[in-house]
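Number of protein chains: 2
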Amino acid sequence: MTPRDAQAPSTALLTDRYELTMIDAALRDGTASRRCVFELFGRRLPGARRFGVVAGTGRLLQQLRDFRFGDDELRYLSDHRVVSRETLDFLAGYRFSGTIRGYREGELYFPGSPILIVEGTFAEAVVLETIALSILNHDSAVANAAARMSIAAGDRPLAEMGSRRAAEQSAVAAARAAYIAGFDATSNLEAGRAWGIPTMGTAAHAWTLLHDTEEQAFRSQIDALGTETTLLIDTYDIREGVATAIRVAGTALGGVRIDSGDLPAVAAAVRAQLDDLGATATKITVTSDLDEFAIAALAASPVDSYGVGTSVVTGSGAPTAGMVYKLVARQDAGGGWVAVAKTSTDKGSKGGRKAAFRTLDEGTATSELIVVSDGFEELSPASRHPDARPLLVTLVEQGETDAGYEGAAGVAAARAHHARVREELPVRALALSRSDPALPTVYTDAG
Amino acid sequence: MTPRDAQAPSTALLTDRYELTMIDAALRDGTASRRCVFELFGRRLPGARRFGVVAGTGRLLQQLRDFRFGDDELRYLSDHRVVSRETLDFLAGYRFSGTIRGYREGELYFPGSPILIVEGTFAEAVVLETIALSILNHDSAVANAAARMSIAAGDRPLAEMGSRRAAEQSAVAAARAAYIAGFDATSNLEAGRAWGIPTMGTAAHAWTLLHDTEEQAFRSQIDALGTETTLLIDTYDIREGVATAIRVAGTALGGVRIDSGDLPAVAAAVRAQLDDLGATATKITVTSDLDEFAIAALAASPVDSYGVGTSVVTGSGAPTAGMVYKLVARQDAGGGWVAVAKTSTDKGSKGGRKAAFRTLDEGTATSELIVVSDGFEELSPASRHPDARPLLVTLVEQGETDAGYEGAAGVAAARAHHARVREELPVRALALSRSDPALPTVYTDAG
Chain A
-6 MTPRDAQAPS
4 TALLTDRYEL
14 TMIDAALRDG
24 TASRRCVFEL
34 FGRRLPGARR
44 FGVVAGTGRL
54 LQQLRDFRFG
64 DDELRYLSDH
74 RVVSRETLDF
84 LAGYRFSGTI
94 RGYREGELYF
104 PGSPILIVEG
114 TFAEAVVLET
124 IALSILNHDS
134 AVANAAARMS
144 IAAGDRPLAE
154 MGSRRAAEQS
164 AVAAARAAYI
174 AGFDATSNLE
184 AGRAWGIPTM
194 GTAAHAWTLL
204 HDTEEQAFRS
214 QIDALGTETT
224 LLIDTYDIRE
234 GVATAIRVAG
244 TALGGVRIDS
254 GDLPAVAAAV
264 RAQLDDLGAT
274 ATKITVTSDL
284 DEFAIAALAA
294 SPVDSYGVGT
304 SVVTGSGAPT
314 AGMVYKLVAR
324 QDAGGGWVAV
334 AKTSTDKGSK
344 GGRKAAFRTL
354 DEGTATSELI
364 VVSDGFEELS
374 PASRHPDARP
384 LLVTLVEQGE
394 TDAGYEGAAG
404 VAAARAHHAR
414 VREELPVRAL
424 ALSRSDPALP
434 TVYTDAG
Chain B
-6 MTPRDAQAPS
4 TALLTDRYEL
14 TMIDAALRDG
24 TASRRCVFEL
34 FGRRLPGARR
44 FGVVAGTGRL
54 LQQLRDFRFG
64 DDELRYLSDH
74 RVVSRETLDF
84 LAGYRFSGTI
94 RGYREGELYF
104 PGSPILIVEG
114 TFAEAVVLET
124 IALSILNHDS
134 AVANAAARMS
144 IAAGDRPLAE
154 MGSRRAAEQS
164 AVAAARAAYI
174 AGFDATSNLE
184 AGRAWGIPTM
194 GTAAHAWTLL
204 HDTEEQAFRS
214 QIDALGTETT
224 LLIDTYDIRE
234 GVATAIRVAG
244 TALGGVRIDS
254 GDLPAVAAAV
264 RAQLDDLGAT
274 ATKITVTSDL
284 DEFAIAALAA
294 SPVDSYGVGT
304 SVVTGSGAPT
314 AGMVYKLVAR
324 QDAGGGWVAV
334 AKTSTDKGSK
344 GGRKAAFRTL
354 DEGTATSELI
364 VVSDGFEELS
374 PASRHPDARP
384 LLVTLVEQGE
394 TDAGYEGAAG
404 VAAARAHHAR
414 VREELPVRAL
424 ALSRSDPALP
434 TVYTDAG
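Protein chains in written order, with our numbering: chain A, -6 to 440; chain B, -6 to 440.
Be aware that one or more of the hints could be misleading.
Identical chains share a label here; the pair holds if one copy fits it or two copies do between them.
[What the hints assert, rightly or not] Cut-off 20 Å, straight-line C-alpha distance, at most; resulting in silico cross-link-like pairs (EDC-like, lysine to aspartate or glutamate):
1. 276 <-> 233
2. 343 <-> 230
3. 343 <-> 22
By construction, these hints were calculated from the structure, which means they are not laboratory data. What you are looking at is a predicted structure, and each value in this text was computed from that prediction instead of being measured.
Chain A extracted, bound-state conformation (with noise of 0.2 Å):
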């Protein structure tokens, strides 16, 4: 693995406190060695959406290079005797050697569909639990929203702006996720910085309620932004306030926002009044607790541009995707084998190695084909399937990330990637109402 940032923080207690327990036991009785294989899979799609998208891949494998216990972590461990002294020696030599094969980050998933799959000892694989789904399934539930507000905003722009309705650092996650899953811009400028984000943004109420009259905010913001910028129109009268803009700023206003009222009602009013007033090409954003129904609701509306804050950083009614991260094979006392899974209830698991494809018809999706070993033998079903697209991609190989995953560059390949394999969906895919997922999950065995 590549050396750490020497300035960044440990990501190592962001760890359930059982995880070191259960490794404290397994050095003990000698299964800490056991060879595993623990899978990341969502046992449903949050909210009966038609499809998922894998989002959190590349910050996930960034926290990876500083996920090691360090003399600050380790003291807090033997101070409040969480594990043994053998254990905490064994934390403090932890770094992750195994691969780790996954969904590239931008792909869509459904249920079963085996999003990560950590090879390793048990000890180094069961130590990533909390860190892989805290991640996974935030990330992975804000881009499940804004990829249908993408499909519903069509080719209108979309901003993400819900920085203030989500934890501090989970706002620059959401808009990442936002954006690889179709928005065009955030607010967030950290965001902007870590991601290569494109950030907007230009005034809020208390711009206007900063000045004496709206003329005179309207003015300064003009002076100091330009005529291109947009003005915030809704502080008082609507119509005034269109009035008052294209007063200060002449016709070539590059845009009004609003904020409130009844979006369809009032942008076919605003745009009424801009074109009378000569304003035709000055642009309408509307950022009013929109969601995915809102904006779809708004197509035949004169609006140019949205802005979501709430519901896309929350999920839009599934703030988590409910990712589990499942042993599903290892190997037995005589290095055999085996595969395993809970039986008992309803939160059975498969067992067993996966490999992974989507099945295409004429380059339309027809199914999440599963590919289930027993044993260690290649998982290659690819002959048996020549329109299959494998979804597997190798992340991280003996301990070494592939950094092309990683940073500004992952994120738009992220993106990209999304865009690509969108376009394989059939069109039932992209209703917004709830339904089965839109594609099978089809098991088979290898072999």
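Assemble the complex: chain A is given as a structure, and chain B must be docked to it using the hints.
Same frame as chain A, but now just chain B:
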């Protein structure tokens, strides 16, 4: 303000772009230095609940210390031409030098409660909008849900274990907020280290699946963690799991955990089986998709403690508290004091400086009393409401933070404060059903 930790990364770009463009324009027209009062409040309680719980204040104070524009931040803003050269110079010297009063962390709130009141120049106060809202909206959403779960659980211990269903840093903040609102422990180790919260957890299903038999898994866990540990008994057959657990551990086994199935039925069966086996002191913990309603439904079941995941970290249906940050008063061009508010629509706010009190009748809260002032005068209605408890404390005075609200000590104080003020609530406030707020918000004029 106390010097920031040299290690801590800057929080200054956790900010919406429009805050900086407003500063840019305000520096140009001279309004940047107008004295302003911004107020952070909720227009309603999320999820039609009966009260809200303030959380995040201590985190905000710590992040405010790191809210500085350093070389990296300024370079990004310069490279992307977010603001002018003059504004970069202003930001380079930025440090909040104003005053923040607010509700204590752990305090209850109602619609319109002035949870934070930020006074300073326009430029120094407007730029805190996003970070203040991000932290308070997230943490209070979790605390709102957690308080209801804590009420439903009564005297039974309650652990937060939802890290996997929240973004990795939000998970730490969520554990903290849940603890303040009445939870007793968390699975999240970083929450333990950073905020002094007790941590818990023993083993996952992967532990049982790792071993060739359930018995071997239980035996190893007992060997490593002692008989006092909690065994997870639902990987295969629950009845066999319980029998195996007691056979291996003896009747002194600390506890068993059930993570699936129809909990009231399963808990009753497990309790009866444990008692039959003589393990009458072995405790039962349940952890499967609980929320406040499921906890309440288990009140008559033989359950000893609860672990709550998804629902608490996602606010149990209300993942953001929906608070806003609004300019409510400012100086005009002549230096006079003006109460301001958006007036166009349903999203209006109440202008003017505020003070806040909880009126009490024989120790039971009767109203949220908000005293509104149009001017600079002292707001001291306590003399007229001798039974009213003042709700605002000074968090930051001329840039100096009151350190008593920060760190693990701040968390402990907030948790104690919450427990105390929750005792003031009328009984009707403790019901879980959707309702109007339990207390009316009453506005009165100062003077």
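Verification of the hints:
Within a single copy, residue 276 and residue 233 get their C-alpha atoms as close as 17 Å, which meets the 20 Å cut-off; across copies the closest is 68 Å, which misses it. Only between protomers do residue 343 and residue 230 lie at most 20 Å apart by alpha-carbon distance; the minimum there is 17 Å, versus 60 Å within a single protomer. Taking the shortest Cα distances, residue 343 and residue 22 never come within 20 Å of each other, neither inside one copy (27 Å) nor across copies (65 Å).
Hint compliance for this structure: hint 3 is the single one not met.
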